[in-house]
Amino acid sequence: MKRKILIVDDEEVIRKFLKIHLAKLGFEVKEAADGEQAIEELGKDDFDLLICDILMPKKDGWEVIKEVKSNSKTKHLPVIVLTAKNEDSDMFKGYDLGANYYMTKPFTKAQLLYGLRLMLDENPEEIRMQS
Amino acid sequence: MYSRACILDGFRLVCFLLSFRESRNKSNSLLIRRSFNLEDQDRKKVIITLRWTAVIVTSYLILFGKGRVTDLYLSYTLIIVYLLSNVLLTFLPKRWFSNLKLFYPLVLFDTGIVSFGMYLSEKMTTDFYLVFFLIIIFASVSRNFKLLMVIGGITALLYGCLLYSWGLLTGEESSSYTLRIPFIFIMTAFYGYLVQTLTKEKRQALTLSEDKYQGLFENAHDGIVLLRSPQWQIADINREVAKVTGYSKEELIQGEVFDLFIPEELEKVRSYFEGVVEKGEGWADDLSLRKKDGIPLEVDLSTRRIDLGDESFYQMIFRDLTGQRKLEKKIRESKRNLEAIFDGIRDQLSIQTPDYRIFRVNRAVIEKYRITFSGLLGKKCYEAYHQRTLPCETCPVSVTFQTKQPANSIMKIPEDNTTLQIFSYPILDEKGDLLSAIEYMKDITEEQRLQEQLIQSEKLAGIGILASGVAHEINNPLSGIIGMAEVALEEEDAAKNRGYLTDILNCAQRISEIVGGLRSYSRAAKKEELSPVDLNGVLEESLRMVQLASKKTSVEVVKNFKSDEKIRANVGEIQQVFTNLITNAFQAMDGKKGPLILSTRSLKDSVEVKVTDHGMGIPQKYLSQIFDPFFTTKNPGEGTGLGLNIVYRIVTKCEGTIDVESKEQVGTTFTVKFPAWRADA
Numbered sequence: 046m047k048r049k050i051l052i053v054d055d056e057e058v059i060r061k062f063l064k065i066h067l068a069k070l071g072f073e074v075k076e077a078a079d080g081e082q083a084i085e086e087l088g089k090d091d092f093d094l095l096i097c098d099i100l101m102p103k104k105d106g107w108e109v110i111k112e113v114k115s116n117s118k119t120k121h122l123p124v125i126v127l128t129a130k131n132e133d134s135d136m137f138k139g140y141d142l143g144a145n146y147y148m149t150k151p152f153t154k155a156q157l158l159y160g161l162r163l164m165l166d167e168n169p170e171e172i173r174m175q176s
Numbered sequence: 073m074y075s076r077a078c079i080l081d082g083f084r085l086v087c088f089l090l091s092f093r094e095s096r097n098k099s100n101s102l103l104i105r106r107s108f109n110l111e112d113q114d115r116k117k118v119i120i121t122l123r124w125t126a127v128i129v130t131s132y133l134i135l136f137g138k139g140r141v142t143d144l145y146l147s148y149t150l151i152i153v154y155l156l157s158n159v160l161l162t163f164l165p166k167r168w169f170s171n172l173k174l175f176y177p178l179v180l181f182d183t184g185i186v187s188f189g190m191y192l193s194e195k196m197t198t199d200f201y202l203v204f205f206l207i208i209i210f211a212s213v214s215r216n217f218k219l220l221m222v223i224g225g226i227t228a229l230l231y232g233c234l235l236y237s238w239g240l241l242t243g244e245e246s247s248s249y250t251l252r253i254p255f256i257f258i259m260t261a262f263y264g265y266l267v268q269t270l271t272k273e274k275r276q277a278l279t280l281s282e283d284k285y286q287g288l289f290e291n292a293h294d295g296i297v298l299l300r301s302p303q304w305q306i307a308d309i310n311r312e313v314a315k316v317t318g319y320s321k322e323e324l325i326q327g328e329v330f331d332l333f334i335p336e337e338l339e340k341v342r343s344y345f346e347g348v349v350e351k352g353e354g355w356a357d358d359l360s361l362r363k364k365d366g367i368p369l370e371v372d373l374s375t376r377r378i379d380l381g382d383e384s385f386y387q388m389i390f391r392d393l394t395g396q397r398k399l400e401k402k403i404r405e406s407k408r409n410l411e412a413i414f415d416g417i418r419d420q421l422s423i424q425t426p427d428y429r430i431f432r433v434n435r436a437v438i439e440k441y442r443i444t445f446s447g448l449l450g451k452k453c454y455e456a457y458h459q460r461t462l463p464c465e466t467c468p469v470s471v472t473f474q475t476k477q478p479a480n481s482i483m484k485i486p487e488d489n490t491t492l493q494i495f496s497y498p499i500l501d502e503k504g505d506l507l508s509a510i511e512y513m514k515d516i517t518e519e520q521r522l523q524e525q526l527i528q529s530e531k532l533a534g535i536g537i538l539a540s541g542v543a544h545e546i547n548n549p550l551s552g553i554i555g556m557a558e559v560a561l562e563e564e565d566a567a568k569n570r571g572y573l574t575d576i577l578n579c580a581q582r583i584s585e586i587v588g589g590l591r592s593y594s595r596a597a598k599k600e601e602l603s604p605v606d607l608n609g610v611l612e613e614s615l616r617m618v619q620l621a622s623k624k625t626s627v628e629v630v631k632n633f634k635s636d637e638k639i640r641a642n643v644g645e646i647q648q649v650f651t652n653l654i655t656n657a658f659q660a661m662d663g664k665k666g667p668l669i670l671s672t673r674s675l676k677d678s679v680e681v682k683v684t685d686h687g688m689g690i691p692q693k694y695l696s697q698i699f700d701p702f703f704t705t706k707n708p709g710e711g712t713g714l715g716l717n718i719v720y721r722i723v724t725k726c727e728g729t730i731d732v733e734s735k736e737q738v739g740t741t742f743t744v745k746f747p748a749w750r751a752d753a
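For the protein sequence lines, the chains are A and B, in the order given. Note that my numbering has the first sequence beginning at 46, numbered continuously upward. Note that my numbering has the second sequence beginning at 73, numbered continuously upward.
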């Protein structure tokens, strides 16, 4: 059974290439363009990983993380913050809110894979092989 | 008739001589001198007249003496010789008569002639000779002409009485004997006059020198004390002594000279005077007089023996040193101060005359041009400093020479690629004329460079702030570019476009680095929150991030962590420091195996981190510049030149230090030390 990842980003291009990469790695990928959509998607399905942008229309990433971490159903869902907000304070805030990994844009595929490995407890060598 | 006239002449002469009044009073010495001068005019006349009288009297004696003249020819010859000698005298110039060289032979000659004449007169009885020589003796010992004439008169009279008592003044020979009486008197006058003249001559010379001495003595600006030896009694002092010591002349005279010195130095003073006796003179500048008010007076002292008249004295001359010494000391001090200031100024100073010749430079000039002062002295400044044949166009000194006003300019020196700021100040004399100019050369190369750097960093900080503001806007599309390029590279038909895609990816990476660099740069200036930072952890994390980003996994890394102490810093910043250092290390080891050594250890008050690579190394000439912003040896576009500057700024912000050692083709070690954060600190 394929593991499911939800990508939340208002930037379509980013969603697009993330989906390509992740699909190649054998994940099932769902997308959301803003925070509200993300919450909606999370309510509809169970996910193995959430990759979430911060600066988004309607509901920002902070709100999304807060809701995910305060919901008993999604509390254990690993969250990777993937954002252009690269101040230390932002990173601390992300971790404080319960994010599991904080990645700043721009990033390479290698960095993405490293994050995935950390979150999904997979053998990183295996992931590297697959890439 | 003639003899009467002669007798009359002789009488007038005697009156004249008697009227001569001598005075030994010094205050009248001018008068004496005048009378001497007057007499000088008449001396020749007097002497010749006196001799005429002597010739006549002697001739009388010879020709009219009783009895026979043994040798008539001899008698005549003698009279003629005597006569001619006097005639000869009348032709001699007047000034010869004040010459002693004429006087002595004259006296000798006359005495001889007269004695011989007396002998020829055949009446040369012993008594007559005796009286004659008695007269000569009187004349030579007498100091008073008047008294001598009285004695001469009395002698003549007594001899007359004697002749009378012998019954010689009567009878046919009487005239010859009677003649002896005026003869004696005239001879007294003759010798008396000669001797007196000589004595006065000497006295006049003495008076003159005494006057001179007196004038020098009293008016001298140095204190002079005349001392009698061996008691060292004060015989006389001059006005200056009284003025300087405060004692009056009366208080000091007859006192001992030792009382004039401060009692503490008595031994020294005594040995000084013993030395003076031994050598006849002596000098000292370490003795002090005691003034009347008890205040010591440092003096420069010299004493020598002098002979005044028949007496010997010691003449002690002193000069007050107190004022002079103080003044000299002040001058020396102020000279030293000025020299110290002059040489202490680290910029170059040189003083030049209006023809640009150097006559004074400070040490900075000597050091800068590695030349001795004598090598510069007298050279023209543009020759010595700039190897030119004409003054520099922008020389401010020439402006000062023309306007007498300070001037300044900035000169670029192409020889050593430095920039000098040159100030010029005039040195004027009291009249306001220009004597010389001070040229003050300040090397502002470094200052200018820093200034430029500062402007650059200000600009950069501005860009940084802007960059962090728009980082989000840039980084989102940048992520898209990178992401999509990577996707495209993975497509099955990517092979033909691989080169292009790789270029796109690299360009995007560069943008990413620049934006990141600028953001970090602005952040390095900000005050961040401080917390205990675990260096080993940060090093691990940084290494991981760099390894991920650079994809260079083949480099061997050795970790040698010997300290687990924490430092007080901002974790993000410290991570930035080591990320940059490790990134550089990886780049330096491009194509090499390494190893890269990361080590930590605890020092006394600090924690030391070393990042050692075995890469290409940094050329020596760049070592001093590597921390400068925008300094890079990488190709344009490959590095911003900000990395190490950010490192430097963060380390110094944390009160740490950073050093670098490098050897080309061997490797580079960066050593960073941070103050250790200890609980009790």
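One or more of the hints may lead you astray.
In silico DSSO-like pairs for lysine-lysine, Cα to Cα no more than 27 Å straight-line [said to hold, decoys possible]:
#1 B:K407 - B:K315
#2 A:K69 - A:K111
#3 B:K531 - B:K503
#4 B:K706 - A:K154
#5 B:K401 - B:K351
#6 B:K531 - A:K154
#7 B:K531 - B:K407
#8 A:K64 - A:K114
#9 B:K402 - B:K503
#10 B:K706 - B:K676
#11 B:K568 - A:K69
#12 B:K173 - A:K61
#13 A:K69 - A:K47
#14 B:K631 - B:K451
#15 B:K440 - B:K451
#16 A:K154 - A:K118
#17 A:K154 - B:K364
#18 B:K676 - A:K64
#19 A:K104 - A:K89
#20 A:K138 - B:K665
#21 B:K407 - B:K364
#22 A:K154 - B:K664
#23 B:K351 - B:K340
#24 A:K138 - A:K69
#25 B:K725 - B:K664
#26 B:K451 - A:K138
#27 A:K138 - A:K111
Don't read these hints as lab results, they were simulated from the structure.
Hint check results:
1. B:K407 - B:K315: The given pair, whose Cα atoms are some 32 Å apart, is violated under the 27 Å limit.
2. A:K69 - A:K111: Roughly 30 Å between the alpha carbons, so the hint for K69 of chain A and K111 of chain A is violated.
3. B:K531 - B:K503: violated (53 Å)
4. B:K706 - A:K154: holds (26 Å)
5. B:K401 - B:K351: Measuring from Cα to Cα gives roughly 32 Å; hence the hint is violated.
6. B:K531 - A:K154: violated (34 Å)
7. B:K531 - B:K407: Violated - the C-alpha atoms of K407 of chain B and K531 of chain B are around 49 Å apart, more than 27 Å.
8. A:K64 - A:K114: holds (24 Å)
9. B:K402 - B:K503: It holds: about 25 Å lies between the C-alpha atoms, which stays within 27 Å.
10. B:K706 - B:K676: violated (38 Å)
11. B:K568 - A:K69: Satisfied, since the Cα-Cα distance of roughly 21 Å is no more than 27 Å.
12. B:K173 - A:K61: violated (145 Å)
13. A:K69 - A:K47: holds (12 Å)
14. B:K631 - B:K451: violated (63 Å)
15. B:K440 - B:K451: Distance ~16 Å between K440 of chain B and K451 of chain B Cα, so the pair holds.
16. A:K154 - A:K118: violated (30 Å)
17. A:K154 - B:K364: Status violated; Cα separation ~107 Å.
18. B:K676 - A:K64: Outside the cut-off at roughly 54 Å; violated.
19. A:K104 - A:K89: holds (18 Å)
20. A:K138 - B:K665: violated (39 Å)
21. B:K407 - B:K364: This hinted pair is violated, its Cα atoms lying about 35 Å apart.
22. A:K154 - B:K664: OK: K154 of chain A and K664 of chain B at ~25 Å, within 27 Å.
23. B:K351 - B:K340: Between K351 of chain B and K340 of chain B the Cα gap is close to 17 Å, so the pair holds against 27 Å.
24. A:K138 - A:K69: violated (32 Å)
25. B:K725 - B:K664: Outside the cut-off at roughly 34 Å; violated.
26. B:K451 - A:K138: violated (73 Å)
27. A:K138 - A:K111: holds (11 Å)
Going through the hint list in order, the structure does not satisfy hints 1, 2, 3, 5, 6, 7, 10, 12, 14, 16, 17, 18, 20, 21, 24, 25 and 26.
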